[in-house]
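Asker: Chains as they are written, first to last, in the working numbering: chain C, 1 to 345; chain A, 1 to 358.
Keep in mind that the hints were calculated from the coordinates and are not lab data.
Accuracy of the hints is not assured; some may be wrong.
[Said to hold, decoys possible] With a cut-off of at most 20 Å between alpha-carbon atoms, the simulated EDC-like pairs for lysine to aspartate or glutamate come out as follows: (1) C:150 <-> A:117; (2) A:2 <-> A:313; (3) A:158 <-> C:121; (4) A:157 <-> A:132.
[To be verified] Covered stretches of chain A, going by a simulated chain C footprint (3 or more residues, C-beta under 8 Å): (5) 19-25; (6) 77-87; (7) 237-247.
For every residue, glycine included, the Cβ atom is placed at its ideal position computed from N, Cα and C.
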Amino acid sequence: MEFWLGLYGMQSPRVYPRSWAGLYDEVVEHAVYAEELGFDSFWLTEHHFWYDGYCPNLLPVLAAIARRTSRIGLGTGCSLLGLHDPLRDAEDKASLDVLSGGRLLLGLAPGYRPEEFEGLDIEKATRGKRFYEAVEVMKKAWSGDKFSHKGEFFQYEDLTLDPVPLQDPHPPIWVGANRTKLQATNIGKAGLGFWEGPSMSIDVFRRNAGIYKEAARAAGHPESAIKCGLFRDVCIAETKDEALRIMDEDLLPMYEEQYVAYGYVPEATGSRREMLAHPVFQEIMEASFVGTPDQVIRKIERYRDAVHFDHFMPRIMHISQKKERLFKQMKLFAEHVIPYFKGTS
Amino acid sequence: MKSGLYYGWEGTGGGAADAADIFGQILEQVELGDYLGFDSALIGESHFVEGDLTGSVVDLLGALAGSTRFIRLGSAGKALALQHPANVAEDFAVIDLLSNGRAILGAGIGHSETAFDAFSVPFEERRERFAEALDFIRKAWSSDAFSYGGRFTRFPKKTPVDAVEPFTPEPYEKPFRLQWQRAGLEPKYLAVTPRPLQIPHPPIWVEALEVADTAIAAENGYGILPRPGTSDAEVIALYRSFGEAMAGCGRTLAEVERPVIRDVFCAESRDEAIAIAGAPLLTLYRQLLDANVSLDALLEDRLILGDPDQVFDRFKLLQQETGINHVICRFWAPGIAHDAVMRSLRLYAGEVITRLRS
């Protein structure tokens, strides 16, 4: 089993404002520590035009981390391909793979926030088709052969990319899944990795992973291309009470602020308890892995019994979390959970 | 006078060497340069040009932001027209934050038709697109939420095109108090975040090839960066016209940094410098300039190869004629060994940087 540590967006939220320069300074330090602890990869996350300064380009940050680490994988979780020019993306991602010695891991997603499409002048309704076409363009470019492409959104003639990624044929691609059956089918058809989001229940995961695998096999993709990853919010501590306190003080304030910002829930007018009674928060509380190392291990195993997966991303980093508490959780996870699975996997 | 390092992509591709080696050499040289007291490192841009690597400028600058402490990091002649200007503003804000305020945006109109074709941008519109992108980026870096209705950029999408005043800052009495309360509504204004660290924004240097290019820099109060490969006489002419354009706008050259890129190699003797760097630079210029050009002609007005005294004297002469205050040196080109460059950097730092500063 591989453990991916996520997800850093260098955000300065209302609940815990900080200097952006400080956040960019710190993220490198966190990645160095994650490598020391034995995490397999370190993941950043992208959005645009967001009030908290959410990181809009992950690649220069991953490049900085690459130069300060030697082994840890470098992940984009997710790179919003629906908003990018796939040709420039192919260039920048290839260069990063080369300069990091082949450590790039690609989580890709179409993007969903309306502001981003409005800002970059892209028709949001076309994002699904645009996304899969962009993946095709990048794969063609990464072949290193002279390529042409005549698609609905992108057209190229006789281009040859040099350099191509160090990993052959290209860095592993994962697609962030939402809860729809259609998305699961499309990821399968394209033969890309299926990466389950943080709030879906075990039943949705089982159903969508099944749909994904079936679609991938029907499209003739080899078994080696069919892979599932799970992404969960994790609050881990020596006692269950402490873990619950972390959920209450770090995890939930993040969701409260971000869900208001996304427009999923109205701004709180009543008590916090009323707000947390909203189904989106109930879903998060149920889906998150909160507890002692043993309890977190049991949770992972329970999900693994439902769907076989070899990649698990604990999101220990919550934007409202103080560094000391975060490092303590990273250490607990690395000392107890990782060896348990590395030993048995 | 300050000293910097410049890297271009000419002749790096086509299997001339391993891309990983080239990236590694560039990174190591700039890291040494940071330690030795070089003031800047600029990286040129190339897309799909035959014989060049398409090396990612943002990736290399990001890597260097992580591994250096003091040296300023920038692009050179980055063709702004090839991408959405909001993305350029975002990328260089991230590099500025990662590097603790060391980013420089070396921007250019773009001169490679191949690159414009690859990105499906009309080459003949490059000048107008560049001017608009430059305007947009400055607004993005120095504003909160705003809208922009230019000829090529509508930000957000519903903003009318070609407005008389393309830039509109969000009014104080606005319909939504904060962005997180306007979610789900169609935005009228957006903010490009995060904002860079430098105030008012990272320096912008406009690549200059023709006398006309200096006008846009002067109007905005930006510096110019004569295009790599220009002769001494061309640099002198560009700075003369830039000085006049600045005066015409009521500015003086003292307001801006005045950089120039030169091909430099510094060794114990002129013969040694020419033995190491002469042939590789001759090959480079025969591709760029003229297939029959001789090394002697290049040494006359383009290349600065010599012992520390000779290099120093050439810079001082150029400074007297142009008023430059920052020499950005291409020590490395394909065919010049990495070890030789590292030695040359140390020699230059001890003998030339120290004297140029005093």
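Asker: Hint by hint, note whether the structure agrees.
Answerer: For each hint, the structure was consulted:
{"no.": "1", "hint": "C:150 <-> A:117", "in the structure": "holds, 14 Å"}
{"no.": "2", "hint": "A:2 <-> A:313", "in the structure": "holds, 15 Å"}
{"no.": "3", "hint": "A:158 <-> C:121", "in the structure": "holds, 9 Å"}
{"no.": "4", "hint": "A:157 <-> A:132", "in the structure": "holds, 16 Å"}
{"no.": "5", "hint": "19-25", "in the structure": "holds (count 4)"}
{"no.": "6", "hint": "77-87", "in the structure": "holds (count 5)"}
{"no.": "7", "hint": "237-247", "in the structure": "violated (count 0)"}
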